[in-house]
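Novice: Each chain, letter by letter, is given below.
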Amino acid sequence: MNFKNNYLDIYKNMLRIRLVEEEIAKRYSEQNMRCPVHLSIGQEAIASGVMNHLNKEDKIYSTHRCHAHYLAKGGNLNKMISELHGKASGCCGGRGGSMHLFDEEAGIMSSLPIVGSVIPLAVGNALTIKLKKERLVSAVFFGDGAIEEGVYHESANFAKIQSLPVLFICENNLFSVYTPLNERQPSADLTRHAKSHDIKYLRCDGNDISKVNEFAFEAIEYIRKNNQPFFIQFDTYRHREHCGPNFDDELDYRKKNEVSFWFENDPIINEKNRLINDKILTENENKKLIDTYLNEIDEAFKFADQDSFPDPATAESFVYEF
Amino acid sequence: MNFKNNYLDIYKNMLRIRLVEEEIAKRYSEQNMRCPVHLSIGQEAIASGVMNHLNKEDKIYSTHRCHAHYLAKGGNLNKMISELHGKASGCCGGRGGSMHLFDEEAGIMSSLPIVGSVIPLAVGNALTIKLKKERLVSAVFFGDGAIEEGVYHESANFAKIQSLPVLFICENNLFSVYTPLNERQPSADLTRHAKSHDIKYLRCDGNDISKVNEFAFEAIEYIRKNNQPFFIQFDTYRHREHCGPNFDDELDYRKKNEVSFWFENDPIINEKNRLINDKILTENENKKLIDTYLNEIDEAFKFADQDSFPDPATAESFVYEF
Amino acid sequence: MNSSRNLTLSDALCEATHQAMKENKNVFVIGEGVTDPKAIFGTTKDLVNNFGVDRVIEAPLAENGLTGFCIGSAMSGMKPLLIHQRVEFALLSVEQIFNNAAKTHYVSAGKHSVPLVIRMIIGRGWGQGPAHSQSLEPIFSYVPGLRVIMPSLANDAKDMLYSALKEKIPTMFIEHRWCHYVTGDVKKSASKINLDGPKVIKKGKDITVVAFSYMIYEALLASEILEKFDISSEIIDLRILKPLNLKPILESVSKTRTLICCDTGFREYGISAEISASITENLFDSLKKPVSRIGLPNRPTPSSRALAANYYPTAENIIMEAKKILNFTDDILINMINYLKEKKPNIRADVPNPLFKGPF
Amino acid sequence: MNSSRNLTLSDALCEATHQAMKENKNVFVIGEGVTDPKAIFGTTKDLVNNFGVDRVIEAPLAENGLTGFCIGSAMSGMKPLLIHQRVEFALLSVEQIFNNAAKTHYVSAGKHSVPLVIRMIIGRGWGQGPAHSQSLEPIFSYVPGLRVIMPSLANDAKDMLYSALKEKIPTMFIEHRWCHYVTGDVKKSASKINLDGPKVIKKGKDITVVAFSYMIYEALLASEILEKFDISSEIIDLRILKPLNLKPILESVSKTRTLICCDTGFREYGISAEISASITENLFDSLKKPVSRIGLPNRPTPSSRALAANYYPTAENIIMEAKKILNFTDDILINMINYLKEKKPNIRADVPNPLFKGPF
Ligand SMILES: Cc1ncc(C[n+]2csc(CCOP(=O)(O)OP(=O)(O)O)c2C)c(N)n1
Ligand SMILES: Cc1ncc(C[n+]2csc(CCOP(=O)(O)OP(=O)(O)O)c2C)c(N)n1
Ligand SMILES: [Mg+2]
Ligand SMILES: [Mg+2]
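Residue numbers (this note's numbering), protein chains in the order written: chain Y, 24 to 345; chain A, 24 to 345; chain B, 37 to 396; chain H, 37 to 396.
Be aware that one or more of the hints could be misleading.
[Said to hold, decoys possible] In silico lysine-lysine, BS3-like type, Cα no more than 25 Å apart, as pairs:
| id | chain 1 | residue 1 | chain 2 | residue 2 |
| --- | --- | --- | --- | --- |
| 1 | A | K153 | B | K238 |
| 2 | H | K204 | A | K279 |
| 3 | H | K324 | B | K291 |
| 4 | B | K359 | B | K379 |
| 5 | H | K61 | Y | K156 |
| 6 | A | K155 | B | K291 |
| 7 | H | K264 | H | K360 |
| 8 | A | K155 | A | K223 |
Hints in this document: simulated from the structure, not taken from any laboratory. Since the model is a prediction, treat every value here as computed from it, not as a measurement.
Can you make the complete structure from the sequences, with help from the hints?
Specialist: In structure tokens:
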């Protein structure tokens, strides 16, 4: 594989995710999306940069904060918005809600709300890849909180001793809900938990899309060549409340200068400016992009609105697969 | 505290443990000790060296392989042998068996058969010490297998961020049951799992009693001064089968040269030779020591023999503490 | 001077904790979010301001470890109150709870105690979905050595939490999120009460209804409807699922000779199965009809409100079971259901019934 | 050509695994000790020699992780067989089992499958003590989406394991250590059978006894004694605790109008509670007496054989319950117990009854 420096595509991908989530935030108070939502706004570069080097056939796993990963990997937008509305065409037929997004056709295997719980599943998929000699990558996204759960360590150790093609992507947004990383761990360098398991690792600013793109390439190349796990820490920040559509910095749990530092380091605005500077994009083209996406998003919401609710009579199906 | 180089005491302690366990092994086939036994034969230096620097008031926690820790810390021998016999005077009144030894008066808080399960308990005791400002040390012994359990990592992280006076002692005997360490982990250097949690650590040959004694002193001094956790890895070897009284090297799961290397590196024989060499002990004194201990041990077995079984009517007591 | 005020159950729990911590400096609180602005749905409000970070410990994400830390610290002299925002998070710590919390007192022949209280919250509504909504009390109630408490009334919740923190028994204190909103007269001072079992919270003579936690409110509503039609029901709040004290239930059923049991969790292998089996063993000849059980159907909780609608049993189900037992006419049933619908207009299945705000 | 031999149940399980692995290269085995000289009480013997370390994976100590690896690998096309030497070790993985194994098929509206089998062994005897002896089947049976199998007969165990490995349902396959020693006629070939529920293993007309796993042997022994005194008992092997199929039990109880249920685990909140409650709901008017339940008393398992002696229920308890139900005379009871003692001389409570070696 060659390094893909298709930054305009990546930018588009990020922009689209941002617009989808802003629309969710805008409409959330209408109470038609009746499930908790954990928005990725501010953290899009990681999803877009990593997915840039994963193929459709590669597998990804995600958490409660899964919208960006789902969209970046090519998950179906209509099915996502329908799922948030609890409608029949949702990816889970309305059974899961926003924390259970998946789209097998796009290689999005599972998103799970219990912190850390999805990590061993991705390792298990990597075991399948090894046993079936599929030559794919299994990638798992998780937060700085998830690495505190014991199961992360059990997963890392197993991936290493079994030589499994799994990419661990830790998105360090410095918080678990309202609790800062430094109250929970002795250091913000989470790669120490890759090193200790003898797993190769990298760390960079997760809001710098060119770094993310380069590091993701390096990691994924390494995995494909060596059939060994790899760990990347991306430092980033969420813009809005942990769960829900609003900003919540009036609660003062995050330092003002930290907030402003990260808000000014917005991956999408920075990249847009760079692309315009480098004459890869014009303001006009950007506006058009936005219009196109808003249209698509509007259609998705219309689709979800018009979609029927699942028939209560179907509630009993699929408990068992006889 | 000053460094204690009372090697004759330490030797006695090791010797006594060895003799107790050899007696258990000898009598096990009589089927009066009707519970699984995990002998520490070969690993005694660690228990004796570490306990040399712990006071009676300091707390220890152990595993399925707890005999040496119990005895080295000053646990009551009669209560232990009675417990192995399922008798009423046993430390658990016969309820626990050999994997549940404790003696609160001697600061032996708990031994537990589920691998890894005891580690957070020791950390919890260290939390009590901190909250009650008791200035004690809580020490936990566990194997190279236990460190694979996620709960070890959860415990290490919490001990570090809460600044808890806990000593993690990992006895690496290179095996979990029949499975060698190198099939289970990428490296035999287990201190990497202290470093990653930003915990101070040391590692040495756990069969070299002078090293064990020095390192234990250093660690415990550090904990007492700094109220911070510490981790020591002691490399060692068990002589007999994982569970039961016999040797089992006919099964060929351990390499012949590894077995003979470690058997020749017997902590008790080496130390005896050194003490005799250095004129601290004579062969004759050693014989007398052995006689004294064998006598004591014989008494303990008599005690257990004569001890009554717990009254079946008491089986209902202590489910709840109303 | 023990005046009382109208408080929510969550405020009542918060008060109990403040009072227990004030009285006993060995009580400490630990959990993910206990010091954060949301303060575990308000139940840990101001604790950290009053008692400091040493005694109100914000935890890393490590539920299994946390449970072990609490057990070790309980065994060595402290009284931890561990809080999980969802009962599901405690699933990671079942080994610690079953083996170490439940058995240590027994295995040590009474020499060790594990005076630990674990608060766990059952999520419900607003699309919580399959992994944030489970009623797992049967799992814990199966294990001898554990105490399992599920409060329904605000003042009782306060007294039970406060009393559990005074005793030495490892206690699973399971709260239904919808009970948090319920209000009631709550005494200012906290009382040490006997945690000895179920309580008759409404006297009656025709039919006994055993319920607990949130289902108490559905039972009270059903009872009100039944009463309109001259059927008098006795409601027993089970309160303490383990150890199980059947006496108050036996007494009531001896009188009414009928019984409906309501679970917040699954019907199959649920709490009501044990109650039904035990009561039938004891009162087989007095029972007019077999014991009725009400609980969730045999499937996970879907997120969509369309699928959740017929999932959770309500007062209506209780009334239907009452009809089966008491054999009143279809006409009366229809009238009852109509009356219920009037009292409880089209409420969405995914938000708490405002009727159930209390005070109770 | 499907000749059969007398094999132990553990050998039967081993054969089922070999055959399943031979037929389907997606089946793999994983667990702590699966390749070691003891080979999980012989049940994984020669697997690694036949199928190599890729498909017979010796695992590090990480039960929660392992369960997740198996779920992920099952979802992506493999058929893992995960083995725990003691059911207690699986307690570390309950979150994975409850949330991910049980619910994924449902939550994904049928798009994902988790064809995973987890073998878990209930330790017993030889002072296993409180944390190596628990019967935890009610915990798993509470959860919709899981299948819970507890085999008792050797050939049936083989067929059930083999069939579970052919299907796509996350299956908890719980074996009682003392059943491993039991022998029976085991067919050479493995059969894919319907895993659809309980089976009458002995016909009778006076009383129905439902049991499973090791308690089947106590029930058969009791049945033999009762027969000597002209009481004919029908024995139903429950086999599959979840999903629960009551039909064969209903049929039998409709005929005998009596029922004794036997648990290997605790009586309170045990499997029998559900069976008692359900059967009574359905057959209240036919039942001559309330359903009897037999199970462990409400306390942990002590290690000492002196305390274990009265802990485990035996054929004697079944006979005593039969007396309560059928009202035979005290004299007959005494004769029965004497006869039982002759058949089963002073056997220690902590080793398997040699009577129960079979063949069955
Ligand atoms: C086992 C478990 N514990 C607690 C929670 C509650 N919870 C949901 S998200 C979250 C924060 C996780 O932080 P992190 O992993 O950093 O992800 P982020 O939300 O920052 O993206 C917590 C504590 C949970 N879902 N699962
Ligand atoms: C959670 C759990 N998994 C598996 C076991 C079975 N088991 C008992 S001891 C043991 C070996 C543990 O190895 P290690 O920690 O190195 O201690 P050692 O026996 O070598 O002293 C195992 C796997 C257990 N008791 N608990
Ligand atoms: Mg975070
Ligand atoms: Mg070891």
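Novice: All the hints need checking, so say for each whether the structure fits it.
Specialist: Quick rundown of the hints versus the structure:
1. A:K153 with B:K238: violated, 48 Å
2. H:K204 with A:K279: violated, 45 Å
3. H:K324 with B:K291: Holds, because 22 Å separates the two Cα atoms, which is no more than 25 Å.
4. B:K359 with B:K379: Roughly 19 Å between the alpha carbons, so the hint for K359 of chain B and K379 of chain B holds.
5. H:K61 with Y:K156: Given pair K61 of chain H, K156 of chain Y holds - Cα atoms ~13 Å apart, limit 25 Å.
6. A:K155 with B:K291: violated, 53 Å
7. H:K264 with H:K360: holds, 18 Å
8. A:K155 with A:K223: holds, 24 Å
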